[in-house]
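Model the full assembly from the supplied sequences, consistent with the hints where possible.
Protein sequence lines, in the order shown, are assigned to chains A and B. With this note's numbering as the guide, the letters of the first sequence map in order to residues 1 to 55. With this note's numbering as the guide, the letters of the second sequence map in order to residues 56 to 649.
Do not rely on the hints blindly, as some may be mistaken.
[Claimed, not checked] Cut-off 16 Å, straight-line C-alpha distance, at most; resulting in silico cross-link-like pairs (EDC-like, lysine to aspartate or glutamate):
id	chain 1	residue 1	chain 2	residue 2
1	B	617	B	270
2	B	613	A	4
3	B	82	A	4
4	B	581	B	561
5	B	569	B	331
6	B	581	B	559
Hints are computed from structural coordinates only; laboratory data are not their basis.
Each chain, letter by letter, is given below.
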Amino acid sequence: MKKEYRPMALGFWGVALPFVLFGLLFGRTAAQRITIMLLAAVFFLVGTLIYRAKQ
Amino acid sequence: MKLAAVDWLFIVWYFVLSIGIGLYYSKRAGKSISEYFLSGRSLPWWLLGTSMVATTFSSDTPLAVTGIVVKDGVSGNWFWWNFMLGSALTVLFFAHLWRRAEVVTEVEFIDIRYSGRPARFLRGFKALYLGVPVSCITFGWVTLAMVKIIQTIFGTSGVAALAICLGLTVFYTTLSGLWGVVATDMLLFGVAMAGSIVLSVVSVEKAGGIGALVDAVKAAGAGTGKDYLSVFPPLGQALPLAFVVALFVQWWAVYYPGAEPGGGGWIAQRMLAGKDARHAVKGTLWFAVAHYVIRPWPWILTALAALVLFPGLTGAAPGEMEAAYPRMIAFLPKGVAGLVVASLFAAFMSTIESIVNLSGSFLLNDLYRPFIKKNASERHYVAASRVLVLIVSLLGAGFSYVLGSVKMGWQLVMELSAGIGLVLLLRWYWWRVNAWSEIAALSASAGTAVYLKVVPDNALVRGLGGALGRAGFQIDAWGVGILVIVAVTTAAWLTVTFLTKPDDEEKLLAFYRKVRPGGFWGPVAKLNGGAYKLQAAPFAGWGLAVLMILFFLFGLGKVIFKEWGAGAAYLAVGGLAAFLLSKIIAKIDWEGRR
Numbered sequence: 001m002k003k004e005y006r007p008m009a010l011g012f013w014g015v016a017l018p019f020v021l022f023g024l025l026f027g028r029t030a031a032q033r034i035t036i037m038l039l040a041a042v043f044f045l046v047g048t049l050i051y052r053a054k055q
Numbered sequence: 056m057k058l059a060a061v062d063w064l065f066i067v068w069y070f071v072l073s074i075g076i077g078l079y080y081s082k083r084a085g086k087s088i089s090e091y092f093l094s095g096r097s098l099p100w101w102l103l104g105t106s107m108v109a110t111t112f113s114s115d116t117p118l119a120v121t122g123i124v125v126k127d128g129v130s131g132n133w134f135w136w137n138f139m140l141g142s143a144l145t146v147l148f149f150a151h152l153w154r155r156a157e158v159v160t161e162v163e164f165i166d167i168r169y170s171g172r173p174a175r176f177l178r179g180f181k182a183l184y185l186g187v188p189v190s191c192i193t194f195g196w197v198t199l200a201m202v203k204i205i206q207t208i209f210g211t212s213g214v215a216a217l218a219i220c221l222g223l224t225v226f227y228t229t230l231s232g233l234w235g236v237v238a239t240d241m242l243l244f245g246v247a248m249a250g251s252i253v254l255s256v257v258s259v260e261k262a263g264g265i266g267a268l269v270d271a272v273k274a275a276g277a278g279t280g281k282d283y284l285s286v287f288p289p290l291g292q293a294l295p296l297a298f299v300v301a302l303f304v305q306w307w308a309v310y311y312p313g314a315e316p317g318g319g320g321w322i323a324q325r326m327l328a329g330k331d332a333r334h335a336v337k338g339t340l341w342f343a344v345a346h347y348v349i350r351p352w353p354w355i356l357t358a359l360a361a362l363v364l365f366p367g368l369t370g371a372a373p374g375e376m377e378a379a380y381p382r383m384i385a386f387l388p389k390g391v392a393g394l395v396v397a398s399l400f401a402a403f404m405s406t407i408e409s410i411v412n413l414s415g416s417f418l419l420n421d422l423y424r425p426f427i428k429k430n431a432s433e434r435h436y437v438a439a440s441r442v443l444v445l446i447v448s449l450l451g452a453g454f455s456y457v458l459g460s461v462k463m464g465w466q467l468v469m470e471l472s473a474g475i476g477l478v479l480l481l482r483w484y485w486w487r488v489n490a491w492s493e494i495a496a497l498s499a500s501a502g503t504a505v506y507l508k509v510v511p512d513n514a515l516v517r518g519l520g521g522a523l524g525r526a527g528f529q530i531d532a533w534g535v536g537i538l539v540i541v542a543v544t545t546a547a548w549l550t551v552t553f554l555t556k557p558d559d560e561e562k563l564l565a566f567y568r569k570v571r572p573g574g575f576w577g578p579v580a581k582l583n584g585g586a587y588k589l590q591a592a593p594f595a596g597w598g599l600a601v602l603m604i605l606f607f608l609f610g611l612g613k614v615i616f617k618e619w620g621a622g623a624a625y626l627a628v629g630g631l632a633a634f635l636l637s638k639i640i641a642k643i644d645w646e647g648r649r
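Below, the structure is given as structure tokens:
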């Protein structure tokens with residue numbers, strides 16, 4: 001991983017984690033839970049892509 | 056509205072992450088001006104493109120779109136969708152030229168393209184004009200919009216939170232330079248989009264689901280005589296002049312932050328910061344797709360839901376229509392509201408940090424360094440940049456107090472430079488454009504705009520308006536005003552161009568060899584011993600880029616409204632255009648060495 005990108009990847013993972021918790025704990029309907037979990041998955045994926053980005 | 060403790064926990068956590076990322080880059084930013092304002096020209100396409108769209112996604116944008124949809128329906132968005140034609144033009148015809156120019160700012164372009172005292176005057180003037188009044192107006196309207204959002208959500212008690220947010224943003228931006236700005240932009244754009252998507256899902260649920268929402272919006276439209284869901288304005292009777300002007304004039308004529316003809320402002324800054332010309336092109340294309348295709352639908356859905364949930368909204372004042380967006384936050388469950396509030400802060404921060412870094416670059420690189428303190432050390436210039444960024448931030452914050460409304464800020468910027476687009480486009484492709492051309496265009500555009508403000512009912516407006524009315528157009532003041540400004544400005548700068556001398560041959564030749572543009576460079580190409588040809592591929596690429604954006608945008612809308620067949624067809628056409636465009640982009644020699 002390129003060193004410059006490391007904080008960005010951590011930032012995306014750092015946002016994904018509360019999304020998972022909040023989606024599970026506070027989503028009132030299935031649609032809300034699915035939306036938030038999908039967004040969490042996107043944040044994890046983008047964070048991972050940034051983590052693996054080449055120089 | 057009162058947020059729960061868990062909402063505040065998310066907001067604070069999000070601030071810690073954003074500011075931490077920003078501060079991480081402060082050491083690197085201190086090395087040189089190139090690092091501070093251009094990230095050492097090392098940005099990959101995905102980072103520079105995301106930063107462009109994050110900056111353009113401001114806290115006032117969802118509100119403005121909500122106001123547009125409530126007033127005119129989905130088709131009202133052509134007011135800004137028209138700029139996709141200009142964005143596609145920037146991708147195919149200008150992004151690579153900016154990167155090849157290797158200047159630090161868009162204003163420095165003047166120094167490598169024009170010669171003599173007019174060029175020096177123009178550089179200093181534009182540095183001051185873009186660095187102070189334009190930046191302060193933009194800063195002011197973004198901050199003012201955020202104040203209104205915060206007051207709608209929390210009442211006056213939220214303004215203190217905003218002041219803290221603003222202070223922290225300016226703090227890390229001052230230290231971290233463009234690397235910190237683009238790195239935080241990645242996260243800020245993600246959070247801003249996530250918030251708008253969650254809000255749209257909850258809003259549609261509240262309105263009874265997509266089917267019920269569509270039925271209710273159609274019923275509301277039957278009451279007001281409008282088709283709120285159509286993506287085109289009614290074209291059956293008189294053609295709306297505003298739509299025609301948007302489609303055929305506005306995108307190449309009007310200099311608007313984020314949609315400058317040929318690229319400018321923070322768009323140019325990021326193209327200049329790209330690893331190479333190809334990264335600049337691909338990044339600008341990603342910006343165009345994210346800006347026009349990915350962002351709008353969550354806002355549109357929230358606006359349509361607001362139309363249904365607040366029945367009196369269609370007859371409300373413009374400010375009240377726009378405030379419907381933050382009002383929807385009240386429907387969010389505990390824990391989720393914090394995410395949406397954080398998303399509004401994210402949109403606000405991503406714009407503010409870019410504005411102050413950009414204005415600092417103009418004032419340092421194009422005013423302080425060439426005119427006030429030449430040949431100082433890089434450390435001195437970085438320190439001066441940080442002071443200038445801080446000064447602009449304070450001025451901008453002060454300006455938000457005196458700015459009457461968000462719309463007033465938009466109009467001021469758009470009207471003052473409504474006719475200068477053509478000269479900004481042609482200066483790359485026509486050797487005869489000189490510094491006087493730009494000075495004439497700026498003066499004529501601002502002068503005509505001020506005249507139209509002071510004397511709105513004049514012979515020119517009456518004559519043009521009457522003629523267009525007789526030709527079958529549905530007249531509006533905005534459309535007529537833009538046409539008058541563009542006509543006067545174009546006539547003025549063309550006349551001045553032919554009445555003044557061309558730039559020095561030496562200067563033109565150096566520019567021609569460095570940037571390698573095609574187009575109308577006859578005498579300079581002769582001096583060069585050969586011409587760089589304007590290829591056919593970018594023209595085809597431009598058409599494909601516009602098709603791709605349009606079909607993806609409308610296809611996504613069809614899918615959201617469960618018109619599966621039409622949605623699939625639109626997306627397939629968009630996909631085909633994207634495939635052909637990728638082939639063209641891969642084929643073009645963006646460095647211009649062949």
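* Holds or violated: are the alpha carbons of residue 581 (chain B) and residue 559 (chain B) at most 16 Å from each other? -> holds, 15 Å
* To do: Given the hint that residue 617 (chain B) pairs with residue 270 (chain B), test it: the Cα-Cα distance must not exceed 16 Å.
  => With a Cα-Cα distance of about 13 Å, the restraint between residue 617 (chain B) and residue 270 (chain B) holds, given a limit of 16 Å.
* Taking 16 Å as the top limit, are the C-alpha atoms of residue 569 (chain B) and residue 331 (chain B) close enough? -> holds, 14 Å
* Taking only the CA atoms, is the gap from residue 581 (chain B) to residue 561 (chain B) under or equal to 16 Å? -> This hinted pair holds, its Cα atoms lying about 13 Å apart.
* Given the proposed pairing of residue 613 (chain B) with residue 4 (chain A), does the C-alpha separation stay at or below 16 Å? -> Given pair residue 613 (chain B), residue 4 (chain A) is violated - Cα atoms ~40 Å apart, limit 16 Å.
* When you check the alpha-carbon spacing of residue 82 (chain B) and residue 4 (chain A), does it fall within 16 Å? -> Within the cut-off at roughly 12 Å; holds.
In summary, the structure is inconsistent with hint 2 from the numbered list given earlier, while agreeing with all the others.
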